[in-house]
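Asker: Please arrange chain Z on chain H, whose structure you already have, making use of the hints.
There are 2 protein chains.
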Amino acid sequence: MSSAVDWPSIDRHGLNIALEQARKSATEGGIPIGSVLLTRDEAAPDGYRVLGKGHNQRIQKSSPTLHGEISALENAGRLKPEVYRTSTIYTTLSPCSMCTGAILLYRIGRVVIGENKTFLGGEELLKKNGVEVIVVDSKECEDLMRQFISENPEGWNEDIGEL
Amino acid sequence: MSSAVDWPSIDRHGLNIALEQARKSATEGGIPIGSVLLTRDEAAPDGYRVLGKGHNQRIQKSSPTLHGEISALENAGRLKPEVYRTSTIYTTLSPCSMCTGAILLYRIGRVVIGENKTFLGGEELLKKNGVEVIVVDSKECEDLMRQFISENPEGWNEDIGEL
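Line order of the protein sequences matches chains H and Z. Sequential numbering of the first sequence, starting at 1, is according to the UniProt record's numbering. Sequential numbering of the second sequence, starting at 1, is according to the UniProt record's numbering.
If we strip away everything but chain H, and leave its shape as in the complex, we get (with noise of 0.2 Å):
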């Protein structure tokens, strides 16, 4: 929007933190998938501020609705209809439908996902209802991803609703 942001720079960072979460995650014996909510701060060292981070708790909380995506929402706590418009939610894994209706709810600008290979959720609903996706195609979001299917294919079967 501004042409002083950085975005490249920021989305680096943005991924990063979510990355981080993903592993939390599966070293907590979770699903690896992590999140975290980003808005644009001139003011702060590197152009952004966290809003809220999270990762997938459907292991650790027994919670079929903490998705990463959701996890960084609810972390973030309550906040104004427009933070949410100019801000950047990244997530290392494309979103489900629920993410993606969350994203849509709150009306994300923008959003940043690591890898859409071991799982495709929404993108063309975000994309028709104006929201910036960018799928990055990390290689680290894939492999914490296929090592977790590989080791307990129910579980994931679970998290997406699939029998």
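It cannot be assumed that every hint is accurate.
Intra- or inter-copy, both count: the list cannot distinguish identical chains.
[Unchecked claim] Result set (DSS-like, lysine-lysine): computed pairs, CA atoms no more than 30 Å apart in a straight line:
1) Lys117 with Lys127
2) Lys128 with Lys117
3) Lys61 with Lys24
4) Lys80 with Lys61
5) Lys127 with Lys139
6) Lys24 with Lys139
7) Lys24 with Lys80
8) Lys117 with Lys80
9) Lys128 with Lys61
To be clear, the hints were calculated from the coordinates, so they are not data collected in a lab.
Answerer: Frame of chain H; chain Z shown alone:
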């Protein structure tokens, strides 16, 4: 699915449970939207079993993601994918895009909605994806919402991401 199922009777019970949850939220000063996930159970006295119920928690828990339906799903805990598919979710208000997405994620088969006059959510997307959608047009559900919105328009706009 089976002709032995008395859906009209079960649906009355289901919507009443959702409405009780909405009233509970109103009593707590919260947004009056309630929900319950039910599954048929022919061994149970009334032919159904409650899997989880809940209400909007924006005000009570400062939660941006615990809408009525998300609360009900969260309170139901981890379920096998096949359980959702033969379940019905009841909600006093037409589901927003996040809750619509959660219903689609778990392929919940039926959605019974109290009213859609104060807010129209993702009903078309649900139907397009094969979900049975029933709108009851409940005056009680509508009155609860109209009262909340007139007393707290900003809180309501925040809940649906409107400026």
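Asker: When the structure is checked against the list of hints, which entries are broken? Sort them ascending.
Answerer: As far as the earlier hints go, only 9 is violated by this structure.
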